[in-house]
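Undergrad: In order, the protein sequences belong to chains A and B.
So that you can map any letter, position 7 of the first sequence is 21 in my numbering, and since no number is skipped, the others follow by simple counting.
So that you can map any letter, position 38 of the second sequence is 40 in my numbering, and since no number is skipped, the others follow by simple counting.
If you're looking for bench data, these hints aren't it; they were derived computationally from the structure.
Check each hint, because a few of them may be wrong.
Stated by the list, open to error - Listed next, the in silico DSSO-like pairs over lysine-lysine satisfying Cα-Cα at most 27 Å (straight line):
#1 B:Lys-59 to A:Lys-93
#2 A:Lys-93 to A:Lys-59
#3 A:Lys-56 to B:Lys-13
#4 B:Lys-59 to A:Lys-59
#5 A:Lys-16 to B:Lys-59
#6 B:Lys-13 to A:Lys-59
#7 A:Lys-16 to A:Lys-56
#8 B:Lys-13 to B:Lys-59
#9 A:Lys-93 to A:Lys-56
#10 A:Lys-59 to A:Lys-16
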Amino acid sequence: RKEVEQDPGPFNVPEGATVAFNCTYSNSASQSFFWYRQDCRKEPKLLMSVYSSGNEDGRFTAQLNRASQYISLLIRDSKLSDSATYLCVVNPTGNQFYFGTGTSLTVIP
Amino acid sequence: DAEITQSPRHKITETGRQVTLACHQTWNHNNMFWYRQDLGHGLRLIHYSYGVQDTNKGEVSDGYSVSRSNTEDLPLTLESAASSQTSVYFCASSETGSNQPQHFGDGTRLSIL
Chain A
15 RKEVEQDPGP FNVPEGATVA FNCTYSNSAS QSFFWYRQDC RKEPKLLMSV YSSGNEDGRF
75 TAQLNRASQY ISLLIRDSKL SDSATYLCVV NPTGNQFYFG TGTSLTVIP
Chain B
3 DAEITQSPRH KITETGRQVT LACHQTWNHN NMFWYRQDLG HGLRLIHYSY GVQDTNKGEV
63 SDGYSVSRSN TEDLPLTLES AASSQTSVYF CASSETGSNQ PQHFGDGTRL SIL
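Let's have the full structure, built from the sequences with the hints guiding it.
TA: The following block contains the structure:
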């Protein structure tokens with residue numbers, strides 16, 4: 015079983031829509047969680063960390079559900095510039111990170 | 003501003019050649035990582051280092067080696083390049099601690115013919 019699994023999509027949504035991605039992880043002892051954004055052929059960039067109580071950064075909300083071992087990312091009022099691949103990242107222990115294969119989002123005018 | 007740089011950005015080489023990809027960071031991070039990214043696999047860890055003189059194998063380390071002689075650099079060497087190693091390679095660094103995110107270089111696109 016993979017450490018981290020994501021629905022690859024693609025998700026095609028109109029501007030202004032709300033879209034949510036989920037990501038499941040296999041190691042119940044996982045300590046840290048992140049969402050990264052990756053634009054085509056470029057490096058992954060940190061979008062936000064995911065905290066136990068959930069956290070929000072502008073139009074983006076991240077949630078953690080330890081009981082069901084998944085994290086989610088909600089994007090409200092989608093912009094064209096949100097089109098990218100979103101990577102779920104889990105740090106089970108220590109300093110290693112496991113990346114999901116990514117969920118592709120296209121926001122349509 | 004602190005940064006992490008990779009070189010070269012693009013490289014084409016032949017099978018059997020030795021290839022070294024450079025990674026240099028000015029964050030003063032102890033942790034450095036090398037990943038490869040291929041369609042359908044996402045990012046896979048090749049090697050990583052928690053500090054000077056420390057190196058560890060990742061998920062897909064066969065055919066690759068690294069060395070860490072100082073804090074700033076973690077060069078990745080392909081001892082004898084194979085076509086299966088054609089990929090995009092990303093270097094990353096992070097501060098010590100499980101809650102510290104990784105910062106990535108721009109990537110190196112390597113083609114082995």
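Undergrad: Now tell me, hint by hint, if it's right for this structure.
TA: How the hints compare with the structure:
Annotation: proposed proximity of Lys-59 (chain B) to Lys-93 (chain A) is violated, straight-line Cα distance about 40 Å (limit 27 Å). Of the supplied pair hints, the one linking Lys-93 (chain A) and Lys-59 (chain A) holds, its CA atoms being roughly 18 Å apart against a limit of 27 Å. Using a Cα cut-off of 27 Å, the hinted pair Lys-56 (chain A) and Lys-13 (chain B) holds, with the two alpha carbons roughly 16 Å apart. Restraint check for Lys-59 (chain B) and Lys-59 (chain A): satisfied, since their Cα atoms lie roughly 24 Å apart, inside the 27 Å limit.
With a C-alpha separation of about 18 Å, the suggested pairing of Lys-16 (chain A) with Lys-59 (chain B) holds against the 27 Å cut-off. Between the alpha carbons of Lys-13 (chain B) and Lys-59 (chain A) the distance comes to roughly 23 Å, so the proposed pair stays at or under 27 Å and holds. This hinted pair checks out: Lys-16 (chain A) and Lys-56 (chain A) have alpha carbons roughly 24 Å apart, not beyond 27 Å. Between Lys-13 (chain B) and Lys-59 (chain B) the alpha-carbon distance is near 24 Å, which keeps this suggested pair within the 27 Å criterion.
A distance of roughly 19 Å separates the Cα atoms of Lys-93 (chain A) and Lys-56 (chain A); the hinted pair therefore holds under the 27 Å criterion. About 22 Å separates the Cα atoms of Lys-59 (chain A) and Lys-16 (chain A), which keeps this hinted pair within 27 Å; it holds.
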